[in-house]
Amino acid sequence: MPGQKQQNLQDVFLNYVRKNKLPVTVFLMNGVKLQGVITWFDNFSILLRRDGHSQLVYKHAISTVMPSQPVMLWDGPEGDAVEGEAAV
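All residue numbers for the sequence shown refer to this note's numbering, where the first residue is 9 and numbers rise by one.
The hints are simulated quantities; they were obtained by calculation from the structure and are not laboratory data.
Keep in mind it's a predicted model, so treat the numbers as computed, not measured.
Do not take every clue at face value.
What the hints assert, rightly or not - If you anchor each label on the Cβ, the simulated ranges turn out as follows: (1) 59 / 36: 17 to 27 angstroms; (2) 83 / 60: 13 to 23 angstroms; (3) 15 / 78: 26 to 36 angstroms; (4) 14 / 59: 21 to 31 angstroms; (5) 80 / 33: 16 to 26 angstroms; (6) 14 / 61: 17 to 27 angstroms.
All residues carry an ideal CB built from backbone N, CA and C; glycine is no exception.
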């Protein structure tokens, strides 16, 4: 639609798991597995929190981000982004 800002998939996904405080498993390129909740992210990194400790992880080191439960990011025939609550 004209006038609407198009969000990329990465931002929609990361914002969804952040807002819903979903635990994630982050696999790094070197095979290391990190687990926690994403509390913040930008173009270059994510902040992962677990047991009161935070880790700054650079996106170029990440292979995969796997949420603890299935998520549905788009709803409806137009592929509208889901805002707020999960449509799981």
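Hints, verified against the model:
Checked against the hint of 17 to 27 angstroms, the pair residue 59 and residue 36 passes, with Cβ atoms roughly 19 angstroms apart. Taken as a hint, the range 13 to 23 angstroms is violated for the pair residue 83 and residue 60, whose Cβ atoms sit roughly 35 angstroms apart. As the Cβ distance of residue 15 to residue 78 is approximately 20 angstroms, the hint placing it in 26 to 36 angstroms is violated. In this structure, residue 14 and residue 59 break the distance hint of 21 to 31 angstroms, their C-beta atoms being roughly 37 angstroms apart.
Checking the proposed 16 to 26 angstroms range against residue 80 and residue 33 shows it holds: the Cβ atoms sit about 19 angstroms from each other. About 35 angstroms separates the C-beta atoms of residue 14 and residue 61, a value inconsistent with the hinted range of 17 to 27 angstroms.
Of the hints listed earlier, those the structure fails to meet are numbers 2, 3, 4, 6, in rising order.
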